[in-house]
Amino acid sequence: MPLHIIACVKQVPDPEAPASSFRVDEAAKKVVAAAGVAPVISQFDALAVEAALRIKDAAADTKITVISLGPEGARDVIKHSLAMGADEGVLLTDSAFVGDSYTTALAISKAIEKIADYNLVLCGRQATDWDAGVVGYGIAEMLGLPSVSLAKSVVVQDGKVVVERVLMEGYDTIEAPLPALVTVSNELGEPRYPKLQQIMLAARKQVTVWGAGDLGLDASSVGAGAVRLNVERLFQPVSEIECEIMEGETPEETASKLAQRLREQKIV
Amino acid sequence: MANGIMVAAEVSGGAVASITLEVLGAARRLADQTGQPVQAALIGSGVEGLAKGLIAQGADQVFVVDEPALAKYSCDGFVAAMEKVNAAASPSAILMGQSDMGRDLGPRLAFRLGSVSAMDCLSVTAQDGKLIAERPCYGGNARVTHSFNTSPAVVSIRSKAQEPINRDDSRQGQVTKVAAGIDAAAIRDKIVGHQEVAEEGMRLEDADVVVAGGRGIGSAEGFSMLEDLAKALGGAVGATRAACDNGWRPVSEQIGLTGKIVGPTLYFAVGISGASQHMAGCSGAKNIVAINKDPEAIVFKSSRFGIVDDYKKVLPALVEACRKLKA
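Read top to bottom, the protein sequences are chains A and B.
Taking our numbering, the leading residue of the first sequence gets 1, the next gets one more, and so forth.
Taking our numbering, the leading residue of the second sequence gets 1, the next gets one more, and so forth.
Accuracy of the hints is not assured; some may be wrong.
[Unchecked claim] Estimated spans, in silico, between C-beta atoms of each pair: (1) B:13 - A:1: 40 to 46 angstroms; (2) A:23 - B:46: 50 to 56 angstroms; (3) B:71 - A:241: 42 to 48 angstroms.
Hints are computed from structural coordinates only; laboratory data are not their basis.
Backbone N, C-alpha and C define an ideal beta-carbon position, used for all residues, glycine too.
Construct all of the structure, not just a fragment, from the sequences and the given hints.
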């Protein structure tokens, strides 16, 4: 039986953009998109697609569907995933989907139910904007799937998923029966970079678009009216530190001054 | 329904994990602010004896689920056990440490209870009758404060962001056993293997002095100067993700948003630009010294002391100066 893997991908502001270009609009409680810096696929989500592709490398009849929830422009991260080698895409876009992690998990899990006939759901461990690491768990809970997080390796064998889960001091090997949900961490390695030919081929792959109505969801269950986790305030912390630059005629003099200051301040 | 602030206690190596003591401290302060008791959930097998220690560190009530199926952590087992404890205790909030266990248990438990979680928070306080959890986001470039529309509010707290209370063995509390009846066969996620990464010397998180290097070190060999400085100060060596991805240092030394979070007294950032994903890992340091040949490097904005020079010139001199200090 061929495997069907669903990978969830999110479009985020580029975390590699210079820190000086980062701005928060406190009144709108939103990050201001840095001028001229294109959004990107969230790094760990690209690794979720990579993990799916490694399984497909070993079992060629594996099908990979990528789902993204976001504005119309999120289509770009679906295209990128298709160019990496995923087979089909689903874009969930609707103003009703703009809400908290509960809304995101609910909409994605309804979409996965609608797609049906899947064996494995892969997500990034956390999105590189909110850094929260919760939506994967929400999807798993709503679909009734076992969840395993922080994968550095994902292998399917004998109707099970076998995951090496990253710990602070090493890793655990964890098994769970399929269907299951796994979140992927950077220790998995590098995501493959699509070649031009694959980018062109990807343009012909199917991308389906669904809104709240297609998933049987309305304003009572998703979006601004259904928020469970409120954003009270979004702001840039102000650093109160004044850096003392040590100087000297020679490195020895500079180093000696620093050591002296550290001793004076009882730091060393 | 302000029934209590619950702490999901973590047991590691037969003892209560130090992060749990920190979370108990935060819970104690929050409970005193809001006039609620501190409840602790103690889950595992053969763990009942640890309840007294939780009371000494701030808990007023300890709910114990002690069953063989819970000898090792599993998402299914521990979420189910916490569900039973939640039904017995009805807390207004459930707190835990942002650890291997907490980051897995917290979000799933929140969704199980029809609620939401705020993860990797720096603080949780009561303001204007609301529970407010503050956490970094956007790689540390921003901070967000959250309030909750559902109960219980689930909050995980970053390591070393909160202080434990002083242990007080005279504190009194109640211990209640909860029969969760967790069926081992119903637990779908099973640990079948474990690999410890042998860390030489002290744990990075426990080191009082950390000497960290980034892309600017340029090679694995360059790190030997950092090792010398660490040795001279009795500290440990750390690295940025870039340095680890380049294979210059092992992954166990990675400091940053997805690596280790450290809070030493003294942190040297050598050849590190200061990008927020890395600074998220060391912003808990009491004193940061930046050494970078680029005067515009943003690391200087987060540092108490700085030297603008090539680390290859500065470090040998600094090692010598520190050896003299320590002599």
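Hints, one by one, checked against the model:
For residue 13 (chain B) and residue 1 (chain A), the Cβ-Cβ distance of about 43 angstroms falls inside the hinted range of 40 to 46 angstroms, so the restraint holds. A hinted range of 50 to 56 angstroms for the beta carbons of residue 23 (chain A) and residue 46 (chain B) is consistent with their spacing of about 53 angstroms. Between residue 71 (chain B) and residue 241 (chain A) the beta carbons are some 46 angstroms apart, a value that agrees with the proposed interval 42 to 48 angstroms.
Comparing the model with each numbered hint stated earlier shows that all of them hold.
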